[in-house]
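*Asks:* Go ahead and model the full structure; you've got the sequences and the hints to work with.
Here the protein sequences come in this chain order: A and B.
Be aware that the first sequence starts at 0, since it is given in numbering that gives the first Met the number 0, and climbs by one per residue.
Be aware that the second sequence starts at 0, since it is given in numbering that gives the first Met the number 0, and climbs by one per residue.
I should point out that these hints are in silico values taken from the structure, not numbers from a laboratory.
Among the hints, a few may not be true.
Unchecked claim - Cβ-to-Cβ under 7 Å is the rule here; a few derived chain B residues that face chain A:
#, residue
1, Arg260
2, Leu263
3, Pro264
To be verified - Just so you have them, the derived chain A footprint on chain B, three or more residues with Cβ under 8 Å:
#, region
4, 97 to 111
5, 267 to 273
We treat Cβ as the ideally placed atom computed from N, Cα and C, and that holds for glycine.
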Amino acid sequence: MAKIISVHSFRGGTGKSNTTANTAAILAAEGLRVGVVDTDIQSPGIHVLFGFDESDIRHSLNDYLWGKCAIEDAAQNVTARVGGAIRGQIFLIPSSIKAGEIAKVLREGYDVGLLNDGYQRLIDTLKLDALLIDTHPGLNEETLLSIAISDALAIIMRPDQQDYQGTGVTVEVARKLEVPRLLIVVNKVPPVWDENEVRARVERTYHADVGAILFHSDEMMTLASSGIFSISYPNHPMTRSLQQLATRLIE
Amino acid sequence: MGTEPHHLLLADDGEISRTSLLRLVESLGHKVTRANSSEEVFARIESGHPDLLLLGVRSTRINAYQVLRRLKSLPGDRPPVIVVSTPDGVEGIAKCLEMGAADYIIDPLHPALIKTRIDDCIETQRLRREKEQASIEQHRTEEALQAREKYERDVHIGRQIQRSFLPTSLPRLPDWEIAAQFQPAREVAGDWYDAFLLPQVNRVGLVIADVCDKGVGAALFMGLMRSLLRAFAQQPTSLRWLDAIDGESPIAHGTSLADRRRALPTAGTTALKNAIEQTNNYIAKNHGETGMFATVFFGILDPRTGQLLYINAGHERPAIIGRDGVRERLQPTGTAVGMMPDSDYSIGSAQLYPGEFLVTYTDGVPEARDSDRKFFTEDRLLGLLNDPPLTAAALLDRIVDSIRAHIADADQYDDVTLLAVRRGTESLT
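*Replies:* In structure tokens, the structure reads:
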């Protein structure tokens, strides 16, 4: 049975897409067939991490949502672009990065039910073991639908007062939607902080499991989304944390 | 020459009453009543309705001019007046004739002439009355004719309204056939069918519905509801299921993740829900006092897979026809649209396999009546669906021909409306 995993954060800039891409790469490296859907239609970005640019996108998720193609037609096999030793496969379903197409979504909307059908169809046609959904920050219809159908949800936050409050909202919603597995990822933690203390504080605040504590990393900053961290730095402590997170999300 | 007996009122207290005139009139067989004063004249007119008033011009206690003046002002039917005078009262007679008296008699006069005068006067009055009556009747007939014309015009307008809301053409899809039949009733009713593309979800909307009333009002409601259904079906966004988030209960408590996934929106379910629920609430909340509602079947077909999602809001159960006849009936999933605000509608799902038909119809089909008021019946309809012909259009022709033969020369009481879809067999090969 394929697992559907949503990655969400209440606010933007938390490292949501990075966490999604790394989780995908780690799972694929272990031999899984992994799909990644960028449902952040209003501000897409994860394609950059997979070395994709506008000219590489033949069909996007937008085309599927407007009935122009089947969802599997928008899936791109990006395994080779990721590099590293990957035994499995990674398929990316990118969102359009054309301003006009983003505007069209905002203007006309789309039938969110198509996402539910589309996820299932991707799992069937691409024979996926895992489907990762990179969501739009905040709460909107497609994000809530994605959370509601997920086997596991990773909520990314920074140790910041604004993130603390917002994460509380997502945790509450996820509980109402009865997501079977809920993990909080604390990202960009200042290296001088104590990991156990951060973990204890977050768990106490939300009564939820912490999936990973990721410290601020100069290597990550240097990489600047030009590649996937766990592939570029396979022996980095952060990669180990990300591997543990991926294992807990898929189990 | 016999004289029909009439009732004459003789108003005079002078010489005439003593003359032979009175005896003569009585001898002609007429009933004569007498009045000796002006007041008595009008009392007797009111109580006895005389056919003729013989008015003595030279009476002492009766002023003939006053009587004539007052008589003119009486409402309703007034007796004609013959003034009677002796030869020396000719001037008075002339004035009386000016004031409306019908004729005069100068006493003494030959009995035959008196008889003729009286008979003529009464006959003239009778003819005048007849003419008036005929004119009133003609007026009434004209009014009735105008009302009839107005009604026919309203019926025509109502039917035009209804027609203008039916699709001018039906969607054409590879390997699918959509056909419709609409036979309007003699009186305007409120049936409609619709078929339109929902390009956002690559699906086809199929609607058949019946406003439960007759007349121009039903046609207007048909136009309103058809437009609302179409407009709301094009709105892709629904935050309805998010109620669970700000509400108390989880969206699907105690069920498995698989069950919850099924309960969440899939392609087309939002269009269905939006169309039916929002139209229902609009009609029930804004037009509740009219008591208008419609039974509606709204299906959303995925031409790629043959999957049909539907809401059946209290409508006649559509039939899916397979190789061996009727394979499935699509049961109601909610109440008629516009009946109750905030009604719940669940979504049904059916599958059309290659070569199969979906046949939808309104109650005008089973309830079509012959001249003995016998129904066409659902059984007879279902009988026609076995061993269907090759196309949906031919199947509907077969049904409509059979209904026409049943109704024969009886009045068609209700609209006969059908919408059928056939999936081609190409995908079999």
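*Asks:* Counting residues of the region 97 to 111 of chain B with a beta carbon closer than 8 Å to any beta carbon of chain A, are there 3 or more?
*Replies:* violated (count 0)
*Asks:* Quick check on leucine 263 of chain B please, does its C-beta sit within 7 Å of some C-beta on chain A?
*Replies:* holds, 6 Å
*Asks:* Please check whether arginine 260 of chain B passes as an interface residue: C-beta within 7 Å of a C-beta belonging to chain A.
*Replies:* Interface hint status for arginine 260 of chain B: holds (5 Å vs cutoff 7 Å).
*Asks:* For the restraint on proline 264 of chain B, tell me whether the closest CB of chain A is nearer than 7 Å.
*Replies:* holds, 4 Å
*Asks:* Do at least three Cβ atoms from the region 267 to 273 of chain B come closer than 8 Å to Cβ atoms of chain A?
*Replies:* holds (count 4)
When the structure is compared with the earlier hints, a violation turns up for hint 4 alone.
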